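A.B. asks: Could you build the full structure based on these sequences and the hints that come with them?
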Amino acid sequence: MSEIAGPPDAPRYDWRAIQQRWLPVWEKLDPFRAGGFGEGKPKKYILDMFPYPSGDLHIGHAEAFAIGDVIARYWVLNGYDVLHPIGWDAFGLPAENAAIKRDEHPADYTYANIETQAESFKRYAISFDWSRRLNTCDPSYYHWTQWLFLRLYERGLAYRKASPVNWCPNDQTVLANEQVVGGKCERCGAEITKRNLTQWFFKITDYADRLLADMAQLEGSWPERVLLMQRNWIGRSTGAEVEFVIEGRPEPVTVFTTRPDTLYGATFFVVAADSALADELCAPEQRAEFDAYVQQVRRMSEIERQSTDREKTGVFLGRHAINPVNDERIGVWAADYVLADYGTGAIMAVPAHDQRDLDFALKFGLPVRVVVDTGAQDPAVTGVATAHDGVLVNSDAYDGRRADETIADITADLAARGRGRAAVNYRLRDWLLSRQRFWGAPIPIVHCERCGEVAVPDDQLPVTLPDLRGGDLAPRGVSPLASATTWVRVTCPTCGGPASRDTDTMDTFVDSSWYFLRFCSPAYTEGPFDPATVREWMPVDQYVGGVEHAILHLLYSRFFTKVLHDMGLVDFNEPFTAQLNQGQVINRGKAMSKSLGNGVDLGMELDAHGVDAVRLTVLFAGPPEDDVDWADVSLTGAGKFLARVWRVCDDVGVGEPASRGAGDLAVRRGVAHLIDQVSGLVRSYRFNVAIARLMELTSLLRKAIDSGPGAGDPAVRAGAEALTVLLSVFVPYTAEDCWALLGHDVEGGDLVARSTWPAAEPELLIEETVTCVVQVAGKVRARLEVPPGIDEDTLRERALADEAVRRSLGGREVRMVIVRPPRLVNVVPL
RNA sequence: GGGCGAGUGGCGGAAUGGCAGACGCGCACGGUUCAGGUCCGUGUGUCCGUAAGGACGUGGGGGUUCAAGUCCCCCCUCGCCCACCA
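Heads up: the first sequence begins at 755 in our numbering, then just goes up one per residue.
Hints were generated in silico from the structure; no laboratory data involved. Quick caveat, the model's predicted, so the values are computed rather than measured. Even for Gly, the Cβ is constructed at its ideal location relative to N, Cα and C. Every clue listed holds true.
What follows is a list of derived Cβ distance ranges for each label pair:
(1) M1449 x M1321: 48 to 58 Å
(2) E1001 x W901: 43 to 53 Å
(3) T1248 x A1037: 43 to 53 Å
(4) L1563 x E1522: 22 to 32 Å
C.D. replies: As structure tokens, this is what we get:
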């Protein structure tokens, strides 16, 4: 006890010195090479979503990569051959915008940031295999992005079509549906408008069913909400396609409906105002009104268009359709509440049973006919459409039947008459992948006057970017590549005649849809990846990243994987076996942002508190999925704990290697229990609780040293060794230094990072006695120390004999006794 | 408007239906120290009580159960996702 304060020159925990000491040693020993540490080990592929190189790492990276690092290090210590790679998602708009501003090449900005981030990752002690770095903007990478594009093109999965697309007037580019958030550009926040342009698409809709069905194998290992978001995004609905004859048009027009049972209630017909069909169907006398309406719709931004409480607008087209079930003539209207790119762009309107149709009918004085009697009041009067189950009325032969039970029969009747069929529709649209931007992979297609679209032959890949910089890249409505005239002009690979390159580049989500495969063999030159290494490592065992990619990136990667599967290039059909979404790091309840001025600088935190304190803080703050509020955490608290651990190891110091089965029994038992718990907690990613247990282990050892068997006890040494290894997954610097304090030759290669995860001695996990709680009427009134194997009758007797229990019963008769040996007895009085 | 999830001390958070609040932060007190910090120790849900002890307690209300933070129903609040998808 007298040594607690220690002499004034006692060694102190100095994280700065520790970081300086071990970082170079790790760099030299390069301890995380996948495949580099013995043959025949089982394999694990742990992948963090790769970063975008804008500036240095921020505090969000600190949390995400700390989580991935714990998992990777855990498997290394458990004898696995672990692939834990790092690369950069290096194409994209910010680099291009920076290049315009600074009058330089986007590559300058990009590669400088990549180096900065790489250095930060090293300082942050992430256990990457540094030999596998890749950047999606390297020609050696986008060579194969282009190659994959061509394979999709060959299979008819990449195609060009004119369509109304999302246009960002600020970035002067088109965007995928997925990049439009609330009617605004996901990147710059500008309001999106629609433009009719010829664009490249991937036919992801061909895979809608499989993308949906294969989620069954992800159940339980992907976050439920991510699966749900994907399901909703794919948006499968079942119903029927119904053909409506339009007077004066030879071909009927097909509509999709989920409610064929309400066909008798269709009182008008609506086509999307901005569709070619509307233009075609418009009668001459309505032309002027229609054109004015379309103009008005086109001018509207997505924001206005999507506002929910907007009044319905539309225009009568002067034509009529024939309802196939009752040959009724119904008016054909154009309206913007019908979407051109969902279903067939045309609907049958059943105002009595669809709120949108009812709003429209009431606005334009169109008839409302109830065909499902739900007992509710007339929708035409209440203004509330009834869509619930009920009995059909006004429906000829179907009258009196429950509506939902007639769906199949009505569909079958239509099919028998060649007027319809059962059908499935998806909310999912094809993936618009072309961008009118410079800093991306050029689309490897040549446009020839004679031959049309011609794929660039494989042996001419990669199609590298021309050397444009600064002002060359300023947005002007067409791709900057178009201004590189000598680059654009080529000879046609097929006929040798004059041709021009496609000047669009690919969405950066194309780059990131296959990078996890490239990591298996990043230097491979015969294809995008070496199939043999992919067989070894893929699929990814644990993917870690932000929930902001729950739809886009994950859906696209799943799609690419399925296409590659169909091409016979991979033998699995889901790329990520398990997925973990870390929470955000926020400050004072809000996401960090420049405008709020609540940003926290990671570099400054690392300088002030050290790498380990930051890592420990983000991991201890709560469950990995939860947000961490920087205002609620204590970096000094983390630092104090690390110093405490370090002093324990310093006190134990160098000594004989701990031998199993020696030393103080109580310490051995306590250590064994905590090893056992921490192992389970780390495996189930409950890092905050695991760290809490390690704090208990540290206190246990502190007490053992100060007032127990002392620092020299073999059980205390074994405990300190175990503590160090367990902690090393969370705080690698401190653990490495503790390992050295305990006498390991770290410089000589005996790294804690490559030691062995401790095992709890099973015999020590069996308790001598356990505490049994005795309740009277559900309230705890006594505790008994009992043998763990105590039988029910003995336990009941002992409980009923207990003085406190009898006092609490106060002479009342016992109605029943619930006995759950060895932990609980509940005595229930009358 | 639809869907999903969450509400536990002053705070972050623990708790296979079986001792609510582990662990930490903060705070208070004591020791160490010239002092501050560090470090060591003790205490810390609320209320009543000097104490022993007792009562209450996981957003609100009901239910199932010997036993509910945990399961079921209703309500309130907050968060996230989608949003005219026929």
